[in-house]
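Participant: Based on the provided sequences and hints, a complete structural model is requested.
Number of protein chains: 4
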Amino acid sequence: MTEASRPNIIRIAHAVFTVRNLEASREFYVDLLGMNILHEEPGALYLRGVEDREWTLKLEEKGTSTVRHLAYRVNGEADLDALVTLAEREGLPYRWEEELDRPRLLRMQDPFGVPVVFYHVSQKHPWLLQDFHLHRGPGLQRVDHVNVMVPDVETTMRWYMDTLGFRLSEYTVDEQERYWAAWIQRRGGVHDLALTNGPGPRLHHWAYWMPDAMSILRTCDILAGARQPERIERGPGRHGVSNAFFLYIRDPDGHRIELYTSDYITVDPDFEPIRWLRDDPRRQTLWGARTPRSWFEEASEMEAFDGGTVQPVAGELTGIPVHVI
Amino acid sequence: MTEASRPNIIRIAHAVFTVRNLEASREFYVDLLGMNILHEEPGALYLRGVEDREWTLKLEEKGTSTVRHLAYRVNGEADLDALVTLAEREGLPYRWEEELDRPRLLRMQDPFGVPVVFYHVSQKHPWLLQDFHLHRGPGLQRVDHVNVMVPDVETTMRWYMDTLGFRLSEYTVDEQERYWAAWIQRRGGVHDLALTNGPGPRLHHWAYWMPDAMSILRTCDILAGARQPERIERGPGRHGVSNAFFLYIRDPDGHRIELYTSDYITVDPDFEPIRWLRDDPRRQTLWGARTPRSWFEEASEMEAFDGGTVQPVAGELTGIPVHVI
Amino acid sequence: MTEASRPNIIRIAHAVFTVRNLEASREFYVDLLGMNILHEEPGALYLRGVEDREWTLKLEEKGTSTVRHLAYRVNGEADLDALVTLAEREGLPYRWEEELDRPRLLRMQDPFGVPVVFYHVSQKHPWLLQDFHLHRGPGLQRVDHVNVMVPDVETTMRWYMDTLGFRLSEYTVDEQERYWAAWIQRRGGVHDLALTNGPGPRLHHWAYWMPDAMSILRTCDILAGARQPERIERGPGRHGVSNAFFLYIRDPDGHRIELYTSDYITVDPDFEPIRWLRDDPRRQTLWGARTPRSWFEEASEMEAFDGGTVQPVAGELTGIPVHVI
Amino acid sequence: MTEASRPNIIRIAHAVFTVRNLEASREFYVDLLGMNILHEEPGALYLRGVEDREWTLKLEEKGTSTVRHLAYRVNGEADLDALVTLAEREGLPYRWEEELDRPRLLRMQDPFGVPVVFYHVSQKHPWLLQDFHLHRGPGLQRVDHVNVMVPDVETTMRWYMDTLGFRLSEYTVDEQERYWAAWIQRRGGVHDLALTNGPGPRLHHWAYWMPDAMSILRTCDILAGARQPERIERGPGRHGVSNAFFLYIRDPDGHRIELYTSDYITVDPDFEPIRWLRDDPRRQTLWGARTPRSWFEEASEMEAFDGGTVQPVAGELTGIPVHVI
Ligand SMILES: [Ca+2]
Ligand SMILES: [Fe+2]
Ligand SMILES: [Fe+2]
Ligand SMILES: [Fe+2]
Ligand SMILES: [Fe+2]
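Here the protein sequences come in this chain order: A, B, C and D.
Take the first sequence: its letters are residues 93 to 417, numbered as in this note's numbering.
Take the second sequence: its letters are residues 93 to 417, numbered as in this note's numbering.
Take the third sequence: its letters are residues 93 to 417, numbered as in this note's numbering.
Take the fourth sequence: its letters are residues 93 to 417, numbered as in this note's numbering.
Quick caveat, the hints were computed from the structure, so don't treat them as lab data.
Just so you know, these numbers come straight off a predicted model, no measurement behind them.
Just to be clear, a hint being listed does not mean it is correct.
Note that identical chains are pooled: a pair holds if it fits in a single copy or bridges any two copies.
In silico SDA-like pairs for lysine to any residue, Cα to Cα no more than 25 Å straight-line [to be verified]:
(1) K216 x R234
(2) K216 x M253
(3) K216 x E408
(4) K216 x D362
(5) K216 x G280
(6) K216 x F388
(7) K216 x I417
(8) K216 x Y356
(9) K216 x R374
(10) K154 x L221
(11) K154 x V265
(12) K154 x E132
Facilitator: Quick look at the structure:
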């Protein structure tokens, strides 16, 4: 696809999760993580970080714990038209939907089964960035990226790069140069979208940018203070990939949230992607800490285009890195 | 006085301030600074930091903005007897008082007019140190020290050292070796009590220990977020004296609070006090920042033994350091 | 100018300063700030931050303290052609130059007298980002932005926006809506280029991104430790504009360096620029701290196209904000 | 023993380790951890933190990896006499030794086989606390405590408390109230000496106070940067016991060093020791992280009074906490 006809995707934008108990979710996201409620409806919360001018995470109470969709913001309405053209050309199912503040969402199922949504028009709200007296908990700042587990990382990565113009920042291969993970971006940071090998499509995690490493340590303290240390799954630590300081936590439905800060910029046209070997102990945590098995195995199922959930499928690459607890 | 007969003072313990508008004070101390209310009565708040097992600051609503007293904890009841002996020998006015949780307070006026209180028995309460989910604002940790402005620093210092066993950590002199300030301690830190030259006795500031420098920066952000940057009087910065990272803020009555962290220990018997020249620019703020004039001139008046306030008296040393805004 | 024919500027890229004493500069930039020497020649140092894959600051020993040029990286060689077309159309002087690692620099004088350079090809070097054992001092991370003082902020801003596609993030106006400062960007951050009102063109400051606020506090400690607190001109503090945590320091020639961290992203197509009133005390330092007069008045002169320095010219707006020391 | 006749121990003071390869140790302690060399002799390094006015860790190159002794500072020479009296009364072997800067060391073997040394006179040196430009690496600040593994924690604890006046801060018991660990102090902090159940006597770890949590994260980054992540054994994290932020690392001989910051004060006479259950997951790491098995099992052997090493002996309590990797 030529650069000119390609839809111009700006950035990862929001996620919609279903949860089984909205009050339990509220305790986690609002009371402990300090996320800010932008809107509230019976059975739904619209949350954001302090820099977000829009809601970036919607929680809907259902009898399930799934991902309804992942949304990207596009540059203009013409980009939505280009996406319709793309969907028709590739035979991808699509339809128009709407959400609060976002009247025109193009919902599509990507070739790998991921429910993705694109939108341009969005009602903006005053941010809370400098209303520090209103920040609560560790002060989550803004949506940063999403990580999706897929059974064929390389094919998925190629499609997002060729069709939607994503650029590769870092990638993990094994000794046979087979892709186990890839970090791709539109926004000039390390990634808007990460792809991780495993049965999928499933949501591996949804990530927020944090003001600094200390705010991530504070998250651990707050969860421990509330006698919920089991919500901390992995970290804190520094990633080899991305160089970011990170923490992975699990919400009451098991949805995995990453708190993330201090990566680097990738705006140069000749940025050279960084290659890691799968079993390099510094890759996942630069400090060498091993990763819990649950981190490799557990993920959230995704809503299918016609309802229900997409049945995860395993790929050719099985097993997990050696550096595991 | 011999070591044996000397009252054994453990540490600086609490302050009682009068304020003109308790709701304004509550907004400052509780809503913005995040101090924890241990008790509440009509017209009074009893506050503490997250490590304090007792209240460490009482605010009483009156038509004044003064300091009712400054309190030190002593090792046992026998030390209170020793203090009575001392008061009688030196002709210092004293009487027994009580406060909530502290049934037996020995109130005394020191030879310089400072209303000081000593107590041993105190009702302890579970601390909040590891209840991180309950910490609010920057998370003030524990009472650290008090700073009193007096017209004759050297004489006052000698009395506290000779009579009450305080030890000298650091001091400021001019070219004629006249004392402009002194930091003295009982607890093994840099100071429980600092003395600053100026008309007095007045309270220069009351200080809390903070968990780290980042929590002090967060205090600035919170005050600015609440559109009250004028509450920030000086700092943040690093002191030359004490090497601590600090911030001075002013409450709605003008009482000055210092947030303070990261000094050093002084437990060695041969600890050699550190001498600073008054006009060394690194003394007050190691980074060379100049100090606002208000910091040298403004302070809180103190309650007299028989009611009313102690009239501040100027000493021989007048003027302020050159490094001022 | 249409978007299509416009040169595609990626980001601010490097600066070349002349200095009077390279050993004094080396002590400041290398020994104290911990900048990394990428190349060294007789009379010149090529420095970078730990994330920079290129040198981003060149110091040349001359009998002057000026700015030889400010460089922007462009997307490709075609963008250099477009810049030549622009220069010829607008009658701007230009010529081809080279620097170490950068064989093809287009040097131009912008309509306001600023010596700007554009390049595409650049020799990359392995970064030091994850070689933490080699980081020295506070660990400057990467070039962030440049701030140029000009006598007519609005006209300069319009030219960079219309001709080179910069986008406005924030701006300062007075009660008559006259522009006193503007922050404009290409890279998706708050700014690549800031424009400040004053006699110019002169370099107001050159800025590096820091890993976090603590590294900025460490810079102050290091300069104070070396008994050079006078190198600290302003801060540390949080900017109202940009929300970044900052510090301004002066090198031995008086060139002003800003250390900067934690602003926000601006990639949305409908990002709405933030307007500040010139005399809002929270604008410059959110915490209300006043700015030293030198910060408004002193700046580095710039090299003229044909040698010598550009004579600074004052504009219509004179005076400085009220919130000054 | 009465308070009056008891030796007055001020604080834990230094350790002497033997190492197999002093150059490897130098790389670890000096090049990576940034410890400061106070003295250097053929085959020995005398190291200190930036606040230490004395050396606090001596490394001697031998064909072994043991602990020659652990030293405590006492208040005066009379306290050494009292210790001799104690040794004779209890039949503990003792002799006079000397070290550089410390001419009169009383070396004793405690009843549990630990080689302890007591001294009063010590040559002080200017500290480096405010020479921030000379700090290297993460900036270790001062000796904080020692942790010794012993087969009978309760008996050892009682001896140090009864005979040497240590006070209990925190302790760990199992469901039968048997002691598995104890933290005891002289200095008014959480501990000078910790006792951990296990075959002993062996040195579990030697700990330095750090300026803040960020400096501990920086240590991890530095070790990872140097491609030595395997030196990181446990953490970083926050302890349940002590509330301190911590990291455990292993030197090239396997000696375990803890970096530690932000505990609390214990000066009150009625401080009530904190009791933890052995298998409470928040005890060891408040955030619930499991501890590597090596942390429970490996420790450094200690020099016997007459040469050779003390053969570690197991006690009645065997096994390790359940919360282990
Ligand atoms: Ca800190
Ligand atoms: Fe991630
Ligand atoms: Fe103070
Ligand atoms: Fe700037
Ligand atoms: Fe320890």
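Participant: Which of the stated hints cannot be reconciled with the structure, identified by number in ascending sequence?
Facilitator: 3, 6, 7, 10 and 11
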